[in-house]
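Chemist: Sequence:
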Amino acid sequence: MRETHRSSAWEHARRLVASVYGATQPWAASPPETVRALRRASVAAAVSLLAPAGAAAQPAAALEASRRALAEVARQARRCRQEGHLPEAAERDVLAEHAATEAALAHENHEATNLGIE
Numbered sequence: 001m002r003e004t005h006r007s008s009a010w011e012h013a014r015r016l017v018a019s020v021y022g023a024t025q026p027w028a029a030s031p032p033e034t035v036r037a038l039r040r041a042s043v044a045a046a047v048s049l050l051a052p053a054g055a056a057a058q059p060a061a062a063l064e065a066s067r068r069a070l071a072e073v074a075r076q077a078r079r080c081r082q083e084g085h086l087p088e089a090a091e092r093d094v095l096a097e098h099a100a101t102e103a104a105l106a107h108e109n110h111e112a113t114n115l116g117i118e
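Going by my numbering, 74 is the number at position 74 of the sequence shown; the sequence numbering is gapless.
Derived by calculation from the structure, the hints in this document are not laboratory data. Treat the hints loosely; a few may be bogus.
For each label pair, taking beta carbons as the anchor points, the in silico distance ranges come out as [stated by the list, open to error]: (1) R75 x G22: 15 to 21 Å; (2) Q25 x Q82: 18 to 24 Å; (3) H107 x A29: 34 to 40 Å; (4) R75 x A106: 14 to 20 Å.
Just so you know, even glycine gets a beta-carbon here, dropped at the ideal spot from N, CA and C.
Using the sequences and the hints, build the whole thing.
Modeler: Set out below in structure tokens:
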């Protein structure tokens, strides 16, 4: 089994959380609900990459949970932008890190599948 904390997807997810919190810093004192939802989604996406004890038995389910969590980040980033809580450039940065995390996750899953690690 791969070392999750050192995986490329995990590193991108950590940067995604930092990007979200950095972009939403102006709302630190009293964040609107959409900002709180974006922050929660980014943390959930990172946490989803920390495989629970039973994930090795259900790799497809763990992968799907990670993908759903990442999709929620994108959805919430767009909502924040629409409501004026996230500048366009910050939304682009968050979505770029989101895409990099998804790509790394797909790559790692592909490698694991090719190696017969499930």
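Chemist: Each hint should be assessed against the structure and marked as holding or not.
Modeler: How the hints compare with the structure:
Between R75 and G22, the C-beta spacing of about 20 Å keeps the proposed range 15 to 21 Å intact. A hinted range of 18 to 24 Å for the beta carbons of Q25 and Q82 is consistent with their spacing of about 19 Å. With their beta carbons about 39 Å apart, H107 and A29 fall inside the hinted range of 34 to 40 Å. The given range of 14 to 20 Å is respected by R75 and A106, whose C-beta atoms sit roughly 19 Å from each other.
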